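Asker: Here is what each chain is made of, one letter per residue.
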Amino acid sequence: MDLAQYAELFLAEAREHLAAVNDLLLAWERDPASREPIGGIFRAVHTIKGMAATMGYTPVADLAHRMESLLDGLRRTERAPSGETLELLFRTTDALESGVNAAVAGRESAAAADLTSALERAAAEFQPARRAGPPRAGEAAVEPRPGGAAPGIPVRVTLKADAALKGPRALVVLARARELGAVDAVHPSPAEFEQDDFDGEVSFRLDTQASAEAIEAKLREAGDVARVTVGAAADLERRAEPGTGARHVRLDLRRLDGLMNLIGELVTARGQLMEVASSQADIALEEVSRRVSQLTTQLQDEILQARMTPVWQVFDRFPRLVRDLARRLGKQVEFVIEGKDIELDRALLDEISDPLVHLLRNAVDHGLEPPEERLAAGKPAMGRVTLAAARERDTVAVRVADDGRGIDRARVLSAAKDRGLIESEADISDEEALIRVLARPGFSTAAQVSDVSGRGVGIDVVVTKVRALGGAVELRTARGLGSTFTLRLPTSLAIVRALMTRVGEERYAVPLTHVAETVDLDPRRVTTLEGRDALAFHGRLIPLVHLRRVLQIDGEPPTRRPVVVVGVGERYSGLVVDAMLGQQEIMVKPFASPAGTLPIFTGATILGDGAPVLILDAGGLV
Amino acid sequence: MSHTVLVCDDAIFMRTMISDILTQAGYEVVGEAETGAQAVERYKQLKPELVTMDIVMPDMGGIDAVREIMRLDPAAKILMCSAMGQQALVIEAIQAGAKDFVVKPFQPSRVLEAVQRVLG
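Just so you know, the sequences run in chain order Y and S.
FYI, the numbering for the first sequence is 444 to 1065, going by my numbering.
FYI, the numbering for the second sequence is 11 to 130, going by my numbering.
Please keep in mind that the hints were generated in silico from the structure rather than gathered at the bench.
Hints are not guaranteed to be accurate.
List of simulated lysine-lysine pairs, DSSO-like, C-alpha gap at most 30 Å [claimed, not checked]:
#1 S:K114 - Y:K603
#2 Y:K661 - S:K87
#3 Y:K603 - S:K57
#4 Y:K661 - S:K57
Every beta carbon over 10 Å from chain Y, so not counted as near; a handful from chain S, in silico [what the hints assert, rightly or not]:
#5 D30
#6 K87
#7 A98
#8 I104
#9 D110
#10 V113
#11 G130
Computed from a predicted structure; not experimentally measured.
Quick reminder that beta carbons are idealized off the backbone N, C-alpha and C, glycines included.
Next comes chain Y alone, as it looks inside the complex (with noise of 0.2 Å):
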């Protein structure tokens, strides 16, 4: 059987096993003497075994295992685990979290050997006085092979939705496959049978010699058997965790976006539609049009809440990354999260990531003080990072806080005003001059200013990925009492306002998220800096981009021309173009430029009448 159409799902799904072990481990160690995460990090590590020793993943499978057995002798003795060999585990989440991926990839690489030997070492702490001597080298060799612990054929079973009483029927399929074998590893447990929310799947081994078709055979006999599963796939498919309530199907985002782009098409068929429809004076072909621009709205906005991900899937890697980086720095830090419920699309909440790493880097090493000088201060020693999510109005705010020492404005100034990005202090009066402050590339890069109390690292690449994508970035911030960073974001992606312009004969669309302002182009207040056209804009010169150039369009251009003046972060660049021609929603459609062409489209579009238009790329033109 060919394995590798599942390897997607068992990355997915190996993914949330390794996430539920980190967050246990972190449950553990804040409270070593409870006896509850490790049942949970047991389960999930036993998953990611049988998992990979079913896709043959080899290095993984015999990783997990050794990990088991620590685990094992942890949960045996009863004992809580000491300091050390919680470092131990995360470490070896950490490198079955790298396994995984490589093994994916198909890249085979066995675990460290000091990671191996370390977990050897802590596991034979625990193992009963059955030999003397420490291990014999080679030793692991003779262990029973990870994953065939449990044995037989994976199994798994879908009842028929309408099927009455699904718990006593999943117990008929049981009683069924008894007749061919042992059955073991069932999943749900029988006594989870009763439950209401028993869904009417289950998962079991059938230790048998019968053929998966005699399997299927047998099992339908139960009655009401909408689906019978056996082998491997039986195993990979089994859903994450019963009881989260919704109902979900795992489904792969490149779909989500031919979907989208599907229904990009439609949203401009439909205004093709609305076009002919009014130019006809046909009540009926009008009826029709507005029937189907309704449902296209529809099918749009269904699609869009298809795309929409709970932002936990990305905050739930925070909790692990803050305590490591506390650790290093020496720093006693409570993380909380906020909002995890709360939804974004799918593409925009990847593309945050990045940014709340750096947040949320800075909040512990720049934002937070060091335990004495907190105590110092009157503050507990323990310092606070929050990193909340929440619905305002139509955008969604994610906030990085923390109660440190707030950002140096006097520092700020002086470092500033050494590298000569202000001229005085009044232009970092408020919090938003502040902010455009740390967010220059200048400023940011100076590793100095990292070092004082100055928050630039990574501000202009935050500023500058949150405007890409539509959002904003503020700042609160206040001495001693600490800073705070709000994204607000749009909730979605795909469907941008955007100015239209002509440039010759052809129009090209310009996201309305970087335009900053439209002028004339007034030659009075053209100048040259550095051999280019600059335009006097609110008290300094920015560069012009005559597009005409660019575009290499012949012929003259009209008298009277516009400029489309768009910033990112803090760079901006005028645009000239021959003519402004309104805002418009468009669908965008991500393009890669093919080679030869410039690299100044971030897309395209088609718009109602059919014409495709390029989108410009405001980045790639300030």
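Keeping the supplied structure of chain Y fixed, place chain S upon it in accordance with the hints.
Answerer: Showing chain S alone in chain Y's frame:
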């Protein structure tokens, strides 16, 4: 050749209905019982190939009757007749050895499917 069936239910209406469904489909209803105790007695006398068993009956319920019959004849084939909401009782009956179940209100086709499944 037709299979022999023992129909156990405390309601005459249910017994009649099940008997009709089975008879029309060519099965031979060889006896009826209205209590669990009766069901066990009749099973011993008639040795039917299939028993349909109501769950709630006076004087020994259906589940105890299943246990008793299974003790007498581990190869007995018993089909439980249950109402919605008797999930836990049906689970108990199956754990006691009943082979399958049908849920009231009965649809003839469903009953016959279950009977065929049990008789193999």
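Asker: Taking the hints in turn, state whether each one holds.
Answerer: Results for each hint:
The suggested pairing of K114 of chain S with K603 of chain Y holds, with an alpha-carbon distance near 18 Å, which does not exceed 30 Å. For the hint pairing K661 of chain Y with K87 of chain S, the CA-to-CA distance comes to about 17 Å; that is within 30 Å, so the pair holds. A C-alpha spacing of about 34 Å is found between K603 of chain Y and K57 of chain S, which places the hinted pair above 30 Å, so the restraint is violated. The suggested pairing of K661 of chain Y with K57 of chain S holds, with an alpha-carbon distance near 26 Å, which does not exceed 30 Å.
A cut-off of 10 Å between C-beta atoms confirms that D30 of chain S is not in contact with chain Y; the least separation is 22 Å. K87 of chain S, annotated as away from the interface, keeps every beta carbon of chain Y farther than 10 Å; the closest lies near 12 Å. Remark: the non-interface label on A98 of chain S conflicts with the geometry, its nearest Cβ contact in chain Y lying 5 Å away (cut-off 10 Å). A beta-carbon of chain Y comes within 10 Å of the beta-carbon of I104 of chain S; the shortest separation is about 5 Å.
Look at D110 of chain S: its CB is around 6 Å from the nearest CB on chain Y, not clear of 10 Å, so calling it non-interface is violated. The claim that V113 of chain S lies off the interface is violated: its Cβ sits roughly 4 Å from the closest Cβ of chain Y, which falls inside the 10 Å cut-off. With a cut of 10 Å on Cβ distances, G130 of chain S falls inside the contact zone with chain Y, its closest approach being about 8 Å.
In summary, the structure is inconsistent with hints 3, 7, 8, 9, 10 and 11 from the numbered list given earlier, while agreeing with the others.
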